[in-house]
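*Asks:* Sequence:
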Amino acid sequence: MTLNEYFETSNGYGVLATSNEEGQVNIALYAKPHMLDENTLAFIMRNRRSYGNLQTNPTAAYLYIEKDGGYLGKRLHLTKIREDKDQDAIDTIRRKQRTHTGPDSDSTLVVFQIDEIRPAVGG
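So for the sequence shown, our numbering puts the first residue at 151; every next one is plus one.
Don't read these hints as lab results, they were simulated from the structure.
Using N, Cα and C, we set each Cβ at its ideal position, and we do this for glycine too.
Each hint can be trusted.
The calculated DSS-like cross-link candidates involving lysine-lysine, where the alpha carbons are at most 25 angstroms apart (straight line), are:
hint, residue 1, residue 2
1, Lys182, Lys224
2, Lys230, Lys182
3, Lys235, Lys182
4, Lys182, Lys217
Simulated restraints, written as ranges between beta carbons of each label pair:
hint, residue 1, residue 2, range
5, Gly273, Gln237, 32 to 42 angstroms
6, Leu179, Val271, 12 to 22 angstroms
7, Thr159, Thr206, 27 to 37 angstroms
8, Lys235, Pro269, 29 to 39 angstroms
9, Glu171, Asp218, 34 to 44 angstroms
10, Glu158, Gln263, 17 to 27 angstroms
11, Thr190, Gly162, 17 to 27 angstroms
With the sequences and hints as input, model every part of the structure.
*Replies:* Spelled out as structure tokens, the structure:
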């Protein structure tokens, strides 16, 4: 099963961990990633702490836990490779209708290279 198939067929929740250049860590709940291919994925991010951390430290980790019991899931080690601020392009891949508007409503599509995939527990 490919990683794209895995995310399409599983139900669960995710947590994205980032840190700034000083090593101060942030964790935030995130939806499933948008798989671009088997080696790259993207998250739609607002200008908050996780996004800010990625401006000075491009590495991140994403933990996805399946809702179906046990400790099933994936840990993805990631490196940011690019960003896209085209709101029309972002809206085409958005899974849910955008509900937030206002001065900080602009989002950025942040694209990551997948460096390593591990099970949620062990491995």
